[in-house]
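Sequence positions in the sequence shown follow numbering that gives the first Met the number 0 and run 0 to 348.
If you are wondering where the hints come from, they were derived from the structure by calculation, not from laboratory data.
No false leads were mixed into what you were given.
For lysine to any residue, the following SDA-like pairs were computed, each having C-alpha atoms within a straight-line distance of at most 20 angstroms: (1) K150 - L230; (2) K271 - L258; (3) K271 - I224; (4) K271 - L337; (5) K271 - Q283; (6) K150 - P226; (7) K271 - P136; (8) K271 - V132; (9) K150 - R241; (10) K150 - F160; (11) K271 - L128; (12) K271 - L131; (13) K150 - D245; (14) K271 - M339; (15) K271 - Y341; (16) K98 - S83; (17) K150 - I162; (18) K271 - R260; (19) K271 - V336; (20) K150 - L236; (21) K150 - D242; (22) K98 - R108; (23) K150 - E237; (24) K271 - L334.
Listed next, with one range per pair, are the computed distances between beta-carbon atoms: (25) I97 - A207: 39 to 49 angstroms; (26) L211 - Y86: 37 to 47 angstroms; (27) Y223 - L272: 16 to 26 angstroms; (28) D250 - I135: 19 to 29 angstroms; (29) I239 - P214: 34 to 44 angstroms; (30) L272 - R151: 25 to 35 angstroms; (31) P264 - S95: 48 to 58 angstroms; (32) F312 - I239: 42 to 52 angstroms; (33) S297 - R151: 46 to 56 angstroms; (34) I97 - A77: 23 to 33 angstroms.
In this text, a Cβ means the ideal position worked out from N, Cα and C, and glycines have one as well.
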Amino acid sequence: MSLLFSLQARSSSPCQWERSPPIFRCANEAVHSLSEAVLSMDSAAHERTSGDGRMPWYYGARLYLYILPTFVFIGIFAYYPSLSAIYHSFFNWNGSNIKDYVGLANFRRIFLNDRDLLVASWHMLLFVLANLVLQIPSILLAVVLYHLRNKRVQYWFRMVFVIPMVVPGMVGMLLWMFIYNPQVGLLNRALAGLGIIPSPFDGPTWLADTRLAMPSLMFMGFPYINPIALLIYLAGLERIPRDLNDSALIDGASAWQRLVRVELPMILGQVKLMLILGIIGGVQDYGRVLIMTGGGPSDATTVPGLIMYNTAFRYAQMGYASAIGVVMFLVILGLTVLNMRYFRTHEAS
0 MSLLFSLQAR
10 SSSPCQWERS
20 PPIFRCANEA
30 VHSLSEAVLS
40 MDSAAHERTS
50 GDGRMPWYYG
60 ARLYLYILPT
70 FVFIGIFAYY
80 PSLSAIYHSF
90 FNWNGSNIKD
100 YVGLANFRRI
110 FLNDRDLLVA
120 SWHMLLFVLA
130 NLVLQIPSIL
140 LAVVLYHLRN
150 KRVQYWFRMV
160 FVIPMVVPGM
170 VGMLLWMFIY
180 NPQVGLLNRA
190 LAGLGIIPSP
200 FDGPTWLADT
210 RLAMPSLMFM
220 GFPYINPIAL
230 LIYLAGLERI
240 PRDLNDSALI
250 DGASAWQRLV
260 RVELPMILGQ
270 VKLMLILGII
280 GGVQDYGRVL
290 IMTGGGPSDA
300 TTVPGLIMYN
310 TAFRYAQMGY
320 ASAIGVVMFL
330 VILGLTVLNM
340 RYFRTHEAS
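Build the full structure now, drawing on both the sequences and the hints.
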């Protein structure tokens, strides 16, 4: 209940919310109303307690009914498709009711006969490495915002980097396709303006060149600030006692030493979480490949997720596509376990 009281106190205080945009004031009022509603439910529950201080059994059962729809939706749209994919990975299935049990034949085809999938796995590994490396700008920006003394400035900087979350991912991909356009794209025009290339029309064809297509997809999204990662890192940094940084500063530690010796070790939990999410995103990601290059040119950007998609919905080989999905799940599970064991060993040492 302390969280609700803090929300209520924060929402009722006339601080910077009064000077915020209307949408933030509306959100603040919604939080205030929600906290009051939950507090009233809590007081009503206390009034219904029996003489020995225990709540009637039917009241507790009614609370479970409130979360039942959530579990139903999770079961239908998350667990059932996953279990269905595992089951159908052992069948030669075209998506209809006709299916033949083939045992491990789909998995033997993946590991022994499908050379395209092997090349696509290398591309997937590059995406995973790029996702992990591109976590660094978010960490550095979070550290900079953490050290801002003016909390109002920190609030506005945080809002500036979080607002792009409202832009759908599809729109972002289309914008980057325009940036990479060899005739009218912003990138070639900028290079021509700097004198690096004679004219935009003489510049690289970023998404049509077999040497440039993969790096272009890997490093789209400049300045590489992940809003979710930024908020998570900033929340972890704000939990660090100020005394630690003050003590390091008194001892003569530089900004880099404070970052490496004090701040990063204190947010290892957040770093571990974002590394796991980066691995999962790198293995599963095929949306930008599908939209921007379709796997080309000459399969230079094909990834396992795209092969799984094409196998299922273009060639109607649902059983083999399910087997690819199961292997991708095992890869994610293995990399996640290794990541967690590494951090556990590092924390213990």
